[in-house]
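> Chains as they are written, first to last, in the numbering used here: chain A, 1 to 206; chain B, 1 to 321.
Just to be clear, a hint being listed does not mean it is correct.
[Unchecked claim] Computed footprint of chain B on chain A; a stretch qualifies when at least three of its residues, placed anywhere within it, have a C-beta under 8 Å from a C-beta of chain B:
hint, stretch
1, 20 to 28
2, 102 to 108
3, 124 to 133
[Said to hold, decoys possible] Here are some chain B residues the structure puts well away from chain A; computed CB gaps all over 10 Å:
hint, residue
4, Glu29
5, Gly71
6, Arg160
7, Glu288
8, Asn302
[Said to hold, decoys possible] If you want the footprint, here are the derived chain B segments under chain A, 3+ residues with CB under 8 Å:
hint, stretch
9, 181 to 189
10, 192 to 199
11, 215 to 224
No wet-lab data here; the hints were simulated from the structure.
Note that CB positions come from ideal geometry on N, CA and C, so glycine has one too.
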Amino acid sequence: MSMPGIKSKPVYTGLTPDPGACQHVLAGEGPGTEALLRMRRELAEGNDGMAPAASSVALFYTAGAGPDRGDELARDGHGSPRFFPDTDGLCQALNEYLADAGMGVRLYVAGSEAFLWRVVASARDGVGMSEAAIQMERCGPPARPVCCIHCKTTDPAVSTTVYQCPGCGLNLFVRDHFSRRLGVYQGVCVDAEAPGDVPEPEELDS
Amino acid sequence: MITSQQPSIPVRVAGIDQVTPSVKTFTLEHAEGITLPCFSGGSHVVVTMKDAQGQVCHRNPYSLTSPPDDGRCYRISVRRDDAGRGGSLFMHERLGEGDLLEISAPVNLFPLNVLARRHVLIAGGIGITPFLAQMHELRQRGVPYELHYQFRDDDGAPYRDAIAAREPTATFYESDRGEYLDPLAILRDQPLGTHVYVCGPAGLIERVSDAAAQLGWPARHVHAEAFTAPPVGEPFTVVCNRSEREIEVPGTASVLEALEGAGLEPPCSCRGGACGECETRVLEGDIEHYDHFLSDDVKAANSRMMICVSRARSQRVVLDL
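Chain B with its partners taken away, still in its complex shape (with noise of 0.2 Å):
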């Protein structure tokens, strides 16, 4: 099979900060002590995960929040989902400073537009990371921006101590104290060449998205982070139509996840349904579509599936794989 996998860097674990409760930042620096490529902000790094035999255990997406044009370290930020897929679990629970990853060469779906005149930067919650990359950038170009930083306590707002005593421009709304941020208030009077992005949970996206198009706002200049966690759901067969294969789906596992534990190599890229990297031809089956990446009409069509987030609704799905 043809593979589109980046060849991986291998990274130590350097430092580890609990940053509120609930999340950790950890520090990467090259295993072999040589410099790591530069990216732009929004950049994310995908991060493979072995347990204790060497097997792969998960591949999650993490966006980079360290100085993009800092080669020493990369910084990315996890938030402890105790209901997830346990991706989350053993970077908190089982990783330790000293310890061996490895990561993908950055990526970047959530850019900063370089026309812009002026950005506004809209987060929620742990959708603060990509942001914290990219306000480096910015101050370094010298572009205006402004950040609105929503959260529901203190301890769901990660870096909202250090964005506070460096960001002039930033506002913060705590939910559990009745702020909330106002999309229409925010965006009603910017200039022209304004571009907005949002990063945060599907609520906040959609109200950002909506209070844009009722402004009149070009959809070219609305950027939302689309990354989806796979999610659990009832398990499946697929059917690898050229490499006649049969291989079960677990309830917890996406069908890249489970392809890939069978030894294949699939195209992926974001494992997030953003990229469209892995779009696969399905011959056979009903698709319960969960990415950001085909039309409405492909999706309902049943033609297409993007393997790292989308499951079947059929007991088996036969893929032109």
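Next comes chain A alone, as it looks inside the complex (with noise of 0.2 Å):
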């Protein structure tokens, strides 16, 4: 059921410290402390002829999806991270923090795929910072954000292909259409031509 050639749909890389950049903000939630702890370790270290930069790397972790291993992050000894109950506070944190940064920071977020989307949607409305100056590493389970075209409900985690919206109750289709700017997928209903002839879901995989 998967749809090849939608170009719309991310492709994540890993994270990787940026040479060029003069600031490093690191955001995640609770499936991408690994990544994270990668991250500040190479942050910390320097690599690719990059001078180490631990003294201006910012950490804001909130559990979120979980599971929570911020405890890992407070031993890890490389600064301190700071520490939200849930995304809305890390990312209003986040915002304070660059709004009073340059053109020179870059943003490296790791997280469920519902997390990096709303952690660069607050950054790009509240402090206009770009997608140029942002990495995203995709932890955790594929479950993916979709948005109820009916409706518009979304739900960020929806882990199979067909699924019920939990707005309105139709069957809904997972496209590959992603929107960058609302951070979801598209979820279609599936039985509008036939009721009642909903499909066995699927799970994403990807």
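Using the supplied hints, reconstruct the complex from the two chains, each of which is provided in its own coordinate frame.
Below is the structure:
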């Protein structure tokens, strides 16, 4: 049921310290802990001709989609992370921090797909940060944020196509079409032509 | 041969103003009195010039400087270049009010980023032209911007007074008086969401790009108007493999112009090595690349060339045309 060749479907690569940057900011939730630990180590050690950057590395963390591994980040010894009870709180503090940063800052985001795009949208709409200065690493299970095109309800973690919309109850097919502005895939009624003719749900694997 | 050349717009020269001793501004209206297409700030048109016999003698791109939403007329500014290939001299000496010209539809290879929160515009001399239209657009949209304008002396500073009167954010730098803009100082404290645009001599573009990189700016936030006038060089022969033609390229014409002179119409748009439209496969020959489009790898491989500006190093070059 996947649709090859849909260009809007994001392709995620691993986070890599940008040697051109002057300032580095990490933001992550539980599933992204490995990536955050790795990035902090790489930034502290320096790589590819890049000087160690530990002094200017800030880290914003929330357990989010879990499991919570904040204690590992606190023990890790590379600077002191800032912990938040939820993604909203993280985004607000992150924007306050970014508002004082300049064009040389890079943001590295690690977590579920819904988390990545909430942080990106918040930094874009809040302080005008563009995706040119942001890297993302998708971590944890391959659940997608999907918006029902009929009632506009977004389910942040859809793991199958077809699924039932929590807003209007329609059976939705998950398309690979992705909106970077909204940070969601499209969910479209699968049995509009033949009501009740609903295919078996399949696990989303990417 | 397939062509992607745009249909041209017939215009009449409605006014000519001597802006500085070396710069003239031409006001162009549609020859049939109808409205011209609106455009976006940073757009250019290619002006086709014809000699007394009606033969095309020059095709030069010029930035539109008039308000982008005003379809009554277009304005272009031309700096006289006595050492150039003759297009600017034609515009300065041969063109009079009421004369007819053909221009291409506007094309924008130097657009403003619509998501930017702030724009820093850096001009060198006649490089001010695309910013004149862009500042109209930015004022209208209410987006913050600042202009930095470097020039040698008053003669090299078209529109200085008009800009000074209208643009409170403009800063002027006159190098004859020892004033030079400092890209690091301009770019250092810009907030997130800023884009910088530079148009002027290659040295200025390089200094701004280097400063932005040094300050950690993402490359996608740095924009340069990368037009190159086709350089003058040694004559050589172009062999068109598919149409089985051999065409001589004189030292003062580009490959594109020589092909057009021979009646061919290869795809092209900017005529300045920036847009990529005229990319052509090279089957044989060494190329001296002058464009800003192909990657260094492709240039080194000699497998492709931009026929609007690049030339052959060898006496003969075979193209897949």
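> How does the stretch 192 to 199 of chain B fare against chain A when you require at least three residues with a CB closer than 8 Å, holds or violated?
holds (count 3)
> Are there three or more residues in the stretch 102 to 108 of chain A whose C-beta lies closer than 8 Å to some C-beta of chain B?
Check passed, 5 qualifying residues.
> With 10 Å as the threshold, tell me whether glutamate 288/B passes as away from chain A on beta-carbon distances.
holds, 31 Å
> If I take the minimum Cβ distance from glutamate 29/B to any residue of chain A, is it greater than 10 Å?
holds, 39 Å
> Minimum Cβ separation between arginine 160/B and chain A greater than 10 Å?
holds, 29 Å
> Is it the case that glycine 71/B keeps its Cβ farther than 10 Å from each residue Cβ in chain A?
holds, 31 Å
> Just checking, asparagine 302/B versus chain A, shortest CB gap more than 10 Å?
Given a closest Cβ separation of 30 Å, the condition holds.
> Under 8 Å between beta-carbons, do enough residues of the stretch 20 to 28 of chain A, three at least, approach chain B for the coverage claim to hold?
With 4 residues in contact (Cβ-Cβ under 8 Å with chain B), the coverage given for the stretch 20 to 28 of chain A holds.
> Has the stretch 124 to 133 of chain A got at least three residues whose CB is nearer than 8 Å to a CB belonging to chain B?
With 7 residues closer than 8 Å to chain B, the stretch 124 to 133 of chain A meets the three-residue bar; holds.
> When I compare C-beta atoms, does the stretch 181 to 189 of chain B have three or more residues closer than 8 Å to chain A?
holds (count 3)
> In terms of beta carbon proximity below 8 Å, does the stretch 215 to 224 of chain B have 3 or more residues touching chain A?
holds (count 7)
Of the numbered hints listed earlier, not one is contradicted by the structure.
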